[in-house]
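Below, each chain spelled out in residue letters.
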Amino acid sequence: MNTTDAPVRPEPAVAKTLSAQPYMWPYHGCLDPARTALVACVDRKWRAPVPDSDERDSRLGQIAGAVRASGGFVVALTATTGPPVGRRPALRVFQETALPDTVLAVLDPDAALEAGATNGFYSSRLDDVLRANGRTDIIVAGWGLEGPVHSTLRAANDRGYECLLVADASTPLDPDLVFGSCEMVRFSGGIFGAFAGTADVVAAFGGDPATT
Amino acid sequence: MTVDTVAADRRVDAKPYAWPYDGSLVPERTALICIDWQVDFCGPGGYVDRMGYDLSLTRAGLEPTARVLAAFRSWGGKVIHTREGHRPDLSDCPPNKLWRSKQIGAGIGDPGPAGRILVRGEPGWEIVPEVAPVEGELIVDKPGKGAFYATDLDLLLRLGGVTHIVFTGITTDVCVHTTMRDANDRGYECLLLTDCTGATDPGNYAAALKMVTMQGGVFGAIAPSSALLEVIAVPASSVTL
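Protein sequence lines, in the order shown, are assigned to chains Z and W.
The C-terminal residue of the first sequence carries number 301 in this note's numbering, and the numbering is unbroken.
The C-terminal residue of the second sequence carries number 296 in this note's numbering, and the numbering is unbroken.
No lab work stands behind these hints: they were computed from the structure.
One or more of the hints may lead you astray.
[Stated by the list, open to error] Which bits of chain W does chain Z cover? Going by a derived footprint, with three or more residues having C-beta under 8 Å, they are:
# : stretch
1 : 121-131
2 : 192-204
3 : 230-238
[Unchecked claim] Below, in silico cross-link-like pairs of lysine to any residue (SDA-like), each with a Cα-Cα straight-line distance of 25 Å or less:
#  : chain 1 : residue 1 : chain 2 : residue 2
4  : W       : K70       : W       : A115
5  : W       : K157      : Z       : G249
6  : W       : K265      : Z       : F268
7  : W       : K157      : Z       : C119
8  : W       : K157      : Z       : S108
9  : W       : K157      : Z       : P138
10 : W       : K70       : Z       : L266
11 : W       : K70       : Z       : V139
12 : W       : K70       : Z       : D263
13 : W       : K265      : Z       : P264
14 : W       : K265      : Z       : T225
15 : W       : K265      : Z       : S142
16 : W       : K157      : Z       : P111
17 : W       : K265      : Z       : P138
18 : Z       : K105      : W       : W154
19 : Z       : K105      : W       : K265
20 : W       : K70       : Z       : G249
21 : W       : K265      : Z       : Y211
22 : W       : K265      : Z       : C119
23 : W       : K265      : Z       : R133
24 : Z       : K105      : W       : Q158
25 : W       : K157      : Z       : T106
26 : W       : K70       : Z       : A137
27 : W       : K157      : Z       : G118
28 : Z       : K105      : Z       : G278
29 : Z       : K105      : W       : A282
30 : W       : K157      : W       : R114
31 : W       : K157      : Z       : R248
32 : W       : K70       : Z       : P111
Quick reminder that beta carbons are idealized off the backbone N, C-alpha and C, glycines included.
Use the sequences and the hints to build the structure in full.
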């Protein structure tokens, strides 16, 4: 994870860091779209029907737009269906709506990848795709805050990626676990990285924070 | 297992379902994985102590884990211990992990009362005596939080014929959760013992347990160690091998 040779970016103006907890992200102090990727977890099984899920989807789209407009990379991540055959009953599959296609259209991903399980690095090309495209700093958000989002964040962190969780652009299965999902990142000086709100992310990448 | 095996239906009174799902709890296919019971996480002068967290929270599970270890060894299940730590030159430590640890005053590799923090071979890296490995038990050294990444754990489990895993260890929301998630992803049937684990924060401990039980047991199940002991203490006379 080389911290040097960060190119000077043209418009939109990108900040050096973005406001996050427990530290200004990324840790190396050189936010650079050319080395940043949004990993959007968009597996339908995990899109729980919480009351504000539409707003959360909208924020995910805003981050994708800001990241892409500044030169960043967007990955849409899904997973193969269900647990292994013969195991306990499969997860309840949340009702499919027209939303997924809409969301994917908004994301307009540079790569659409399928993982073998909840952790997006398991049985997928995610690590290869991120490396091949020079992406060292990863923003993780999407459906299943406590599921694919957290599992993928944890796996990315172990692999040395500098990670940012955006909880308000993620859909929880249980709204009571949003706080804990962020606290788990914050403890021990940012044990899995940092977390931030969508408005701060969009603003840092030169987007208009007023739209969030 | 062979087709003519007649195994009693054995399940632990767990949440959100009686574990394991298949009622097939036998020592030949079950591992007890004890995560990171190291001085660095629950001993004086180690990494967690240096960060200023309350050691009683991460030490709370030691006594129940020692009881489970004794029962599990008698039962005949496979015991595996993990340790988090880095090479002395820190060449396997991601620079952001190093930076964060220094920011909070517990720099990886820095000298302390228990030796260099989170470095292999140092006193702080050792497993505490209460739950120390005995001769013949496997130990997996890992550079990260998850015990499957950059280790031979999956190979050891496969070659050992393990399909079911019982977890103890610290900390609940970090290394235990990451490893349990990844074990579940690989198809292992997982149980976390609630009194044999602890976190640096009670809220994170509670949230981590609740996450396991979402959606009918998205990552497996949870139970107090007493519920497991009730089952594995029963003589396995009904199992024909």
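Any of the earlier hints contradicted here, and which numbers? 1, 9, 14, 19, 20, 22, 29 and 32
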